[in-house]
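Sequence lines, in order, name chains A and B.
Position in the first sequence (first residue = 1) + 21 = this note's numbering.
Position in the second sequence (first residue = 1) + 21 = this note's numbering.
In short, the hints are calculated from the structure, not lab data.
From the three backbone atoms N, C-alpha and C, an ideal C-beta is built for every residue, glycine too.
Honestly, I wouldn't trust all of these hints.
What the hints assert, rightly or not - Restraint-style ranges between C-beta atoms, simulated for each label pair: (1) B:LEU369 with A:VAL278: 16 to 24 Å; (2) A:ARG209 with B:LEU38: 17 to 25 Å; (3) A:ASP205 with B:ASP210: 23 to 31 Å.
Protein chains: 2
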Amino acid sequence: MAERVREKEKVEIQELLRRHPAEIAEILSALREDEAVELLRRLYLKRAAAAPLGEMEPEEAARLLAELNRDEAVRILSRMDPDDAVDLLAELPQDTVQDILRRLEEREAKELSELLSYKPDTAGGLMSPEVVALPADMTAQEAIEALRRAAEGAETVYYAYVVDEDRRLIGVLSLRDLVFTKPDTPIRDIMHTDVLTVPVDADVEEVARTFDKYNFLALPVVDKDGRLLGIVTVDDVIDVIRAEDTEDMYKLAGAPVEERVDTPWYRSLRLRLPWLYFNLLTAFLAASVVGAFEGVIAKVAALAIFMPVIAGQGGNAGMQTVTIVTRGIALGEVPKGKGWRLLGKELLLGICHGIVIGATVGAAAYLWKGNPYLGLVAFLAMMFNLVAAGAAGAVIPLTLRAMRLDPALASSIFLTTVTDTLGFFFLLGLGMLFVDKL
Amino acid sequence: MAERVREKEKVEIQELLRRHPAEIAEILSALREDEAVELLRRLYLKRAAAAPLGEMEPEEAARLLAELNRDEAVRILSRMDPDDAVDLLAELPQDTVQDILRRLEEREAKELSELLSYKPDTAGGLMSPEVVALPADMTAQEAIEALRRAAEGAETVYYAYVVDEDRRLIGVLSLRDLVFTKPDTPIRDIMHTDVLTVPVDADVEEVARTFDKYNFLALPVVDKDGRLLGIVTVDDVIDVIRAEDTEDMYKLAGAPVEERVDTPWYRSLRLRLPWLYFNLLTAFLAASVVGAFEGVIAKVAALAIFMPVIAGQGGNAGMQTVTIVTRGIALGEVPKGKGWRLLGKELLLGICHGIVIGATVGAAAYLWKGNPYLGLVAFLAMMFNLVAAGAAGAVIPLTLRAMRLDPALASSIFLTTVTDTLGFFFLLGLGMLFVDKL
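Okay, chain A solo, but in the shape it has when bound (with noise of 0.2 Å):
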């Protein structure tokens, strides 16, 4: 009986080994943590284990490689991609990687050891070393011959960079301008020289930026001598960018970035209470504004009415702004400098809306309580605020980069804090002014 169940486990093994690494990553992640770490264990033993874990978010993989005993973790570390397995390594304790390293074979070791030395973030924290460089005196023919001895070790094949001597990149080639010329041609006279290269120290979003515009299917990393280090690859780019992307939206809205669909509720409310009390410290600056013109509410009730008109007009004025600007900094859209022609911008927008939205609202209280100064007063407050969302939704984000932080962050929550405050100041304070008439 239990020889039968195992030769059921060898059929479906062999079944889930035809599979693509991506679809036995993704039914490692749906499986529960001990079954996870069985499947792997057989995996492992298959020797295709590595590719699979390779195309797991790296946070995973770990939690799932730190169950391994130490020997079998080495072993599938090595056979990872550079670029996979130092990602994997970044989401471990000092104390293990160290223990890795010391066990790894001292080549793999050292790679490793370098690439973990980059920030996560920039494009050395990104690119894998495996790259093929060639001297330039080299033929077509012996390039290809070296191509394909490095086809299994190198990221891709599609490119081969040429190097002098200090490992300078002085040019590149595809594998298409290779076997489209005669056999003997050196590759001297068949590289491209103005190759675009990304520095080593470059942000991922950089980066991004120019795999979006150039459309290429790698691009080169270099230090600052111009010498190559590695190479990132456009799969690696797509991930950045939905990553990039992802974290954006959170930022903006206010929610924690480590969160995912499939977070346990625990981890879900430890994430999400910080900003909900940052919100409320915010919160309660609006309050204490309101509270100030208590004395005017308790006259004239129907400012209160107007309270969510106001701050609601605002705060979705302002988010437009915000995400536009937002949006157009991370698509590198907004050069330096720029920023302030786009305040002015906003600025008229903010005036524009004021006039057009403010009529309405004010008109609409006019009407509501057959009051003239509630419907002054309510024009006024309507496009004072929006103008000051217009501002605000530019600044905000403008001045995040100016100060070197990322310009999504938190921006809907200072919006609403500008448009809240400010808001119920302009509405409760012309309140106050022709309280006598209301």
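Chain B: place on chain A using the hints.
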């Protein structure tokens, strides 16, 4: 003198032609329209106008192309990649398109009008028909020759597809497979038969997720009978991902998806006003709830102080949920049917948030005014509204998806409608119940 000017211009255009088309496209975008048309015409004379136009936003490229005479436009279009050309045509008026198609060579016209028949947000709208399709009985050497011949026209020569007599896709080969094998091997023996394909009517979001998951450089597009129609390449997918993410962010914030940072202010005004009026409608709804309780506010003005706290906290907590759920759906992490489990989680979180934040708000209310009943009213209103916020935050995007609409569509406006109206209802309704004690 005029000659020297012309000499200088000649040097400048030579200089420009050495640049990457993406950079020329940026220059065209930055110029005033008449200058851009002038430059485009000079590029056209050098047969160098097609590539930069293909790199521009289709809408912008179409505006420039419309300024040239019809013959110039037709010649440029016939030199563009068909997938770029069709994006551009889609922005032109119907009769201009028909006129252009009549002037094109028959083969080109047929190809473009076929492409025009696919919806822009499907794989068909994204694909290039220029794909290398080979019969299975070719040898590796013959296949490389075929690729070499196709090198100029085809979108990518890194993959070749193998088809049967009915052009049904039966296998795929990478250039790497072909180069690194014996020249006389029949491609039938080295092709991969488990080809991942994209249906021609697949949504672009779906296509993007497939690339994101499997890390391919290109995927073949097939009709419902498995016949090869074209190819989607990873660089087009990056553009799609960025555009879809931008759209989601805009929709979440209630901003117009057509706007960019460089949209002229009068166009921005026209685009944003409908959203602001839509938001105004919902703000009036919230105001009418407050209006219904005007009497209570007149008696207990302190209640108005807590209006921004109850509504603002509900809005922030709800936006956290909306953002996380919407993004989860966009990334393919919320399978149909799993949605209701998310609602359960968010309800639970809403109760927890409600207890913690509600207690803080209640305590603040009590300490401020020294009235325990005001504390109780604030506590309960905050708690109820945070539960409602969590529920609405999950239900709104899930319902939009179930209705086959975009889950991000105006989510923040719907959400704040719920959290404002219910928040005021809870606060002022409870205030009315306890009015004698406040």
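Hints versus structure:
no.	hint	in the structure
1	B:LEU369 with A:VAL278: 16 to 24 Å	holds, 22 Å
2	A:ARG209 with B:LEU38: 17 to 25 Å	holds, 24 Å
3	A:ASP205 with B:ASP210: 23 to 31 Å	holds, 29 Å
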